[in-house]
Amino acid sequence: MPELAEVEQSRRIWNVGLGEKVLEVIVPRPQDRVFRGVAVSHLQHGFTGKVFLDSETRGKQMLFRFGRRGKVWLGLHLGMAGALRTEPGLLEIRKHDLLVLRQARRYLVFSDRRHLGRVLFHQGETPPAWWTRLPPPILSDAFDRDAVAAFLGRRKGAPLKAVMLMQERFPGIGNWMADEILWRSHLHPAIRGRSLSNRQITTLHRTTRQVCAAAIGAMNENWEYPETWLFAHRWEDGGRCPRCHSGLKRAIIGGRRTCWCPKCQPVKR
DNA sequence: GTGCTTGTTGGCCA
DNA sequence: GTGGCCAACAAGCA
793 MPELAEVEQS RRIWNVGLGE KVLEVIVPRP QDRVFRGVAV SHLQHGFTGK VFLDSETRGK
853 QMLFRFGRRG KVWLGLHLGM AGALRTEPGL LEIRKHDLLV LRQARRYLVF SDRRHLGRVL
913 FHQGETPPAW WTRLPPPILS DAFDRDAVAA FLGRRKGAPL KAVMLMQERF PGIGNWMADE
973 ILWRSHLHPA IRGRSLSNRQ ITTLHRTTRQ VCAAAIGAMN ENWEYPETWL FAHRWEDGGR
1033 CPRCHSGLKR AIIGGRRTCW CPKCQPVKR
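Residue numbering for the first sequence is 793 to 1061, as defined by the working numbering.
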């Protein structure tokens, strides 16, 4: 589930614990692959006794800052099925709970049903390199039309669907957002980057920003989107295009399940 | 049992 | 070296 908007929503779930100290770090499965490359003992020592200061997201990455003067950093990636939650009172550890920060009045829990997520840790005055080296966010000035055009030029042989999923240029875009953007841009997901006109590149750039900007506010409490979005119809059998009511098509494109409207997104335009 | 899955990575090949 | 493709990772679900 976690793409840009869901990651942002997830990050905020832990906000209830802001300004409060971590009393204990619980790692039920220290050998789990989400900790690959991280010494779990450092994690435990690092956060115990530190105050939860703030957090932010970039694309699908989350960064949480702890310590009086911001010295300890926790990075989380939700992978395919990661989730954050808080639990008041006594915590009953569930099967896929991987990292638990205990505070006086609640537990902050990271769980991951499929264990494809990632936990990162850093101690130091400044944010870690794995954070500062992330590509420029889609809603930043650095994500301009020229950057998109250059990237499409380089990835000229790959289907648009695959290009949209490349985090190095489209950080935060996942499977459903890629389909949503291509649908709104009237671009078939299997088109190769090389065959886009200048006007189509402009449209793709603009639409990418629009969908990212709208996604966070448009999501309801069940993590769903309005009926006018392709999102609301893409998984249902017999789903229809919310714009022209044609039957939607689904196939594997760029190695991923893809949904598009054959009428709004013809192969040739 | 089979065949999927909202993500990422590394190996293979052209 | 670069880019495209795909299996693997792990677990749940239909």
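One should not assume that every hint holds.
In silico BS3-like links for lysine-lysine, alpha-carbon gap of 25 angstroms or less [unchecked claim]:
no.	residue 1	residue 2
1	Lys887	Lys863
2	Lys887	Lys948
3	Lys842	Lys813
4	Lys1041	Lys1055
Okay, the calculated beta carbon distance ranges per label pair [as the list claims (entries may be wrong)]:
no.	residue 1	residue 2	range
5	Gln915	Ala873	47 to 57 angstroms
6	Ala939	Val808	17 to 27 angstroms
7	Ala1024	Leu926	36 to 46 angstroms
8	Pro1018	Leu815	17 to 27 angstroms
9	Gly1009	His834	44 to 54 angstroms
These are calculated hints, taken from the structure and not from any lab test.
The model shown is predicted, which means the values in this text are computed figures rather than measured ones.
The beta carbon of each residue, even a glycine, is placed where N, CA and C say it ideally should be.
Hints, one by one, checked against the model:
1. Lys887 with Lys863: 31 angstroms, violated
2. Lys887 with Lys948: 44 angstroms, violated
3. Lys842 with Lys813: 5 angstroms, holds
4. Lys1041 with Lys1055: 10 angstroms, holds
5. Gln915 with Ala873: 47 to 57 angstroms: Because 29 angstroms falls outside the window, the suggested range is violated.
6. Ala939 with Val808: 17 to 27 angstroms: 37 angstroms, violated
7. Ala1024 with Leu926: 36 to 46 angstroms: With Cβ atoms ~30 angstroms apart, the hint is violated.
8. Pro1018 with Leu815: 17 to 27 angstroms: 42 angstroms Cβ-Cβ, so the 17 to 27 angstroms window is violated.
9. Gly1009 with His834: 44 to 54 angstroms: For Gly1009 and His834 the Cβ distance comes to about 38 angstroms; the hint is violated.
Of the numbered hints listed earlier, those contradicted by the structure are 1, 2, 5, 6, 7, 8, 9.
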